[in-house]
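Participant: For reference, the chains in residue letters:
Protein chains: 2
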Amino acid sequence: MSGNMQLGQINLLDALASADLLRTFKRRQIERKTIIFTPFEQSNSVFIIKSGRLRVFLSYDDKEFTLAFLEAGDVFSTHTRAYVQAVEETEILLTPTSAFQATIESLPGVSLVMAKVLGDLLKNSITTIEGLAFKDVRRRIADFLVQTFEERGEESPAGVVVKLGLSTEDIALLIGTTRQTISLILNDLIKEEIIEKPNRRTLIVRDLAALLAWRDSL
Amino acid sequence: MSGNMQLGQINLLDALASADLLRTFKRRQIERKTIIFTPFEQSNSVFIIKSGRLRVFLSYDDKEFTLAFLEAGDVFSTHTRAYVQAVEETEILLTPTSAFQATIESLPGVSLVMAKVLGDLLKNSITTIEGLAFKDVRRRIADFLVQTFEERGEESPAGVVVKLGLSTEDIALLIGTTRQTISLILNDLIKEEIIEKPNRRTLIVRDLAALLAWRDSL
Numbered sequence: 001m002s003g004n005m006q007l008g009q010i011n012l013l014d015a016l017a018s019a020d021l022l023r024t025f026k027r028r029q030i031e032r033k034t035i036i037f038t039p040f041e042q043s044n045s046v047f048i049i050k051s052g053r054l055r056v057f058l059s060y061d062d063k064e065f066t067l068a069f070l071e072a073g074d075v076f077s078t079h080t081r082a083y084v085q086a087v088e089e090t091e092i093l094l095t096p097t098s099a100f101q102a103t104i105e106s107l108p109g110v111s112l113v114m115a116k117v118l119g120d121l122l123k124n125s126i127t128t129i130e131g132l133a134f135k136d137v138r139r140r141i142a143d144f145l146v147q148t149f150e151e152r153g154e155e156s157p158a159g160v161v162v163k164l165g166l167s168t169e170d171i172a173l174l175i176g177t178t179r180q181t182i183s184l185i186l187n188d189l190i191k192e193e194i195i196e197k198p199n200r201r202t203l204i205v206r207d208l209a210a211l212l213a214w215r216d217s218l
Numbered sequence: 001m002s003g004n005m006q007l008g009q010i011n012l013l014d015a016l017a018s019a020d021l022l023r024t025f026k027r028r029q030i031e032r033k034t035i036i037f038t039p040f041e042q043s044n045s046v047f048i049i050k051s052g053r054l055r056v057f058l059s060y061d062d063k064e065f066t067l068a069f070l071e072a073g074d075v076f077s078t079h080t081r082a083y084v085q086a087v088e089e090t091e092i093l094l095t096p097t098s099a100f101q102a103t104i105e106s107l108p109g110v111s112l113v114m115a116k117v118l119g120d121l122l123k124n125s126i127t128t129i130e131g132l133a134f135k136d137v138r139r140r141i142a143d144f145l146v147q148t149f150e151e152r153g154e155e156s157p158a159g160v161v162v163k164l165g166l167s168t169e170d171i172a173l174l175i176g177t178t179r180q181t182i183s184l185i186l187n188d189l190i191k192e193e194i195i196e197k198p199n200r201r202t203l204i205v206r207d208l209a210a211l212l213a214w215r216d217s218l
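Residue numbers (the working numbering), protein chains in the order written: chain A, 1 to 218; chain B, 1 to 218.
Here chain A stands alone, though its shape is the one from the complex (with noise of 0.2 Å):
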């Protein structure tokens, strides 16, 4: 699901009103760089942000993932395994889970909002996993590329050409991994604009500065 499907937009805090549901909501204002809830919660309550903006992310040692940017409308939990900390002057409203399950049955939209939600954390959460999994292939795919370019690129007005003459199986062979990995890293620089690959065995760098940046940043 996760961002493909979509979710059809409601405004839960219009809804949420015009159905009297707001008034069992405790309101609490956050100053801005605020981290309002951590893993060792003790509480379990849920939220819905009424303006503002929050970031969910997770944190390890001096490693820290963003897995969300929660903004008015959105639900979100105290009770999970994410930090939560206010990116500018927020407004949310708590109440206790088990409330929340009535408003829930009252407000069947409320659990699209939900679904849309977790769904998009799923999806940053899967990136995540990838950037982890796959930090050594990704540094020699991305080495392999700028040394290709570098000794074989020709100048056109798409950008530097490069004629491979391998096949994506070959290149696998030659970096040590496989056909599918090489082929999701590849669809993530295209989808980045960074490179083009008008047939199997030609690429384009469209934008070298980036291809660069990329490289240097893994």
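One or more of the hints may lead you astray.
The list treats identical chains as one, so a pair stands whether inside a single copy or across any two.
Straight-line Cα separation of at most 25 Å, SDA-like style, residue types lysine to any residue; simulated pairs [said to hold, decoys possible]:
{"#": "1", "residue 1": "Lys63", "residue 2": "Pro198"}
{"#": "2", "residue 1": "Lys63", "residue 2": "Gly73"}
{"#": "3", "residue 1": "Lys26", "residue 2": "Glu150"}
{"#": "4", "residue 1": "Lys197", "residue 2": "Thr127"}
{"#": "5", "residue 1": "Lys33", "residue 2": "Thr178"}
{"#": "6", "residue 1": "Lys63", "residue 2": "Leu218"}
{"#": "7", "residue 1": "Lys197", "residue 2": "Phe40"}
{"#": "8", "residue 1": "Lys163", "residue 2": "His79"}
{"#": "9", "residue 1": "Lys63", "residue 2": "Arg81"}
{"#": "10", "residue 1": "Lys63", "residue 2": "Thr202"}
{"#": "11", "residue 1": "Lys50", "residue 2": "Arg140"}
{"#": "12", "residue 1": "Lys33", "residue 2": "Phe69"}
{"#": "13", "residue 1": "Lys63", "residue 2": "Ser183"}
{"#": "14", "residue 1": "Lys50", "residue 2": "Leu218"}
{"#": "15", "residue 1": "Lys63", "residue 2": "Leu184"}
{"#": "16", "residue 1": "Lys135", "residue 2": "Gly176"}
{"#": "17", "residue 1": "Lys26", "residue 2": "Thr178"}
{"#": "18", "residue 1": "Lys63", "residue 2": "Ser106"}
{"#": "19", "residue 1": "Lys26", "residue 2": "Asp207"}
{"#": "20", "residue 1": "Lys135", "residue 2": "Thr66"}
{"#": "21", "residue 1": "Lys50", "residue 2": "Phe69"}
{"#": "22", "residue 1": "Lys33", "residue 2": "Ser59"}
{"#": "23", "residue 1": "Lys50", "residue 2": "Ala19"}
{"#": "24", "residue 1": "Lys135", "residue 2": "Glu64"}
In short, the hints are calculated from the structure, not lab data.
Using the hints provided, position chain B relative to the given structure of chain A.
Facilitator: Just chain B now, with coordinates in the frame of chain A:
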């Protein structure tokens, strides 16, 4: 959210059938072990598991991360970055994602099931991220624990007791990580009933074999 919120059970298949919404779905029977969808899937459909059991996993080279097992009544999409494989003979009901919008609107309970499935996937994704991000520090903690128990553990009916004489903060400094990371990892071991922490400076190993197996798995 992810598993902490009891989402209220609905029997999606029954509900869809009685609302006469299953007619537009196409049945598909899948043999055990078949990989039915991959990240390279072109079609964009939603499916419901009618019977059997599917595994959703990420795969990178030789690494595989299972994110969920889907069972009868669960909903998922063909268009994700995960692989979907039949663990046993399975029957699914497929419909184009575009057509599924109407189903969601006619039967709001569907989005609750979606939220539940996404929550489970998210939970396991976070576990996977922790595993990847923590790999080295886990290993250092495991070594520290095993060594401490071997050197200073005292047998008791409850297990091997160790008076640490160290706070979590001291251990963190010793191992080169943060107090939060130590707490997260110790909490995992406590949840799995491998160790106990009756007070701040005492640890009990309830299952030494499990602790050793855990260390060797890292």
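Participant: Does each hint hold? Answer for all of them.
Facilitator: Against the structure, the hints:
1. In the homo-oligomer, the alpha carbons of Lys63 and Pro198 never lie at most 25 Å apart, since the shortest distance is 37 Å inside one protomer and 30 Å across protomers.
2. For the homomeric pair Lys63 and Gly73, neither the shortest alpha-carbon distance inside one copy (29 Å) nor that between copies (38 Å) is at most 25 Å.
3. Taking the closest pair of Cα atoms, Lys26 and Glu150 never come within 25 Å of each other, the shortest separation being 60 Å inside a single copy and 51 Å across copies.
4. Within a single copy, Lys197 and Thr127 get their C-alpha atoms as close as 22 Å, which meets the 25 Å cut-off; across copies the closest is 35 Å, which misses it.
5. Taking the closest pair of Cα atoms, Lys33 and Thr178 come within 25 Å of each other only across two copies (21 Å); inside a single copy the shortest separation is 42 Å, beyond that limit.
6. Taking identical chains as interchangeable, the C-alpha atoms of Lys63 and Leu218 lie at most 25 Å apart whether they share a chain (14 Å) or sit on different chains (19 Å).
7. Only between protomers do Lys197 and Phe40 lie at most 25 Å apart by alpha-carbon distance; the minimum there is 16 Å, versus 47 Å within a single protomer.
8. Within a single copy, Lys163 and His79 get their C-alpha atoms no closer than 52 Å, and across copies no closer than 31 Å, so neither meets the 25 Å cut-off.
9. In this homomeric assembly, Lys63 and Arg81 come within 25 Å of each other (Cα to Cα) both inside a single copy, at 15 Å, and across copies, at 24 Å.
10. Taking the shortest alpha-carbon separations for Lys63 and Thr202, neither the intra-copy value of 37 Å nor the inter-copy value of 29 Å comes in at or below 25 Å.
11. Neither within a single protomer nor between protomers do Lys50 and Arg140 lie at most 25 Å apart by alpha-carbon distance, with minima of 45 Å and 43 Å respectively.
12. With identical chains, the CA atoms of Lys33 and Phe69 are at most 25 Å apart within one copy only, with a shortest distance of 13 Å there and 37 Å across copies.
13. Taking the shortest Cα distances, Lys63 and Ser183 sit within 25 Å of each other only across copies (16 Å), while inside one copy they are farther apart (27 Å).
14. Taking the shortest Cα distances, Lys50 and Leu218 never come within 25 Å of each other, neither inside one copy (37 Å) nor across copies (43 Å).
15. Within a single copy, Lys63 and Leu184 get their C-alpha atoms as close as 24 Å, and across copies as close as 15 Å, so both meet the 25 Å cut-off.
16. Taking identical chains as interchangeable, the C-alpha atoms of Lys135 and Gly176 lie at most 25 Å apart whether they share a chain (13 Å) or sit on different chains (22 Å).
17. Taking CA atoms no more than 25 Å apart as the test, Lys26 paired with Thr178 passes in neither setting, with 52 Å inside one copy and 33 Å between copies.
18. For the homomeric pair Lys63 and Ser106, neither the shortest alpha-carbon distance inside one copy (41 Å) nor that between copies (44 Å) is at most 25 Å.
19. Proximity of Lys26 to Asp207 under the C-alpha cut-off of 25 Å is found in neither arrangement, the shortest distances being 49 Å within a copy and 44 Å between copies.
20. For a Cα distance limit of 25 Å, the shortest separation of Lys135 from Thr66 qualifies both inside one copy, at 17 Å, and across copies, at 19 Å.
21. Taking the closest pair of Cα atoms, Lys50 and Phe69 come within 25 Å of each other only inside a single copy of the chain (14 Å); across copies the shortest separation is 35 Å, beyond that limit.
22. Taking the shortest alpha-carbon separations for Lys33 and Ser59, only the intra-copy value of 15 Å comes in at or below 25 Å, while the best inter-copy value is 36 Å.
23. When the C-alpha separation of Lys50 and Ala19 is checked against a cutoff of 25 Å, the pair qualifies only within one copy, where the shortest distance is 16 Å, while the shortest distance between copies is 35 Å.
24. When the C-alpha separation of Lys135 and Glu64 is checked against a cutoff of 25 Å, the pair qualifies both within a copy, at 15 Å, and between copies, at 15 Å.
Against the hints set out earlier in the document, violations occur for numbers 1, 2, 3, 8, 10, 11, 14, 17, 18, 19.
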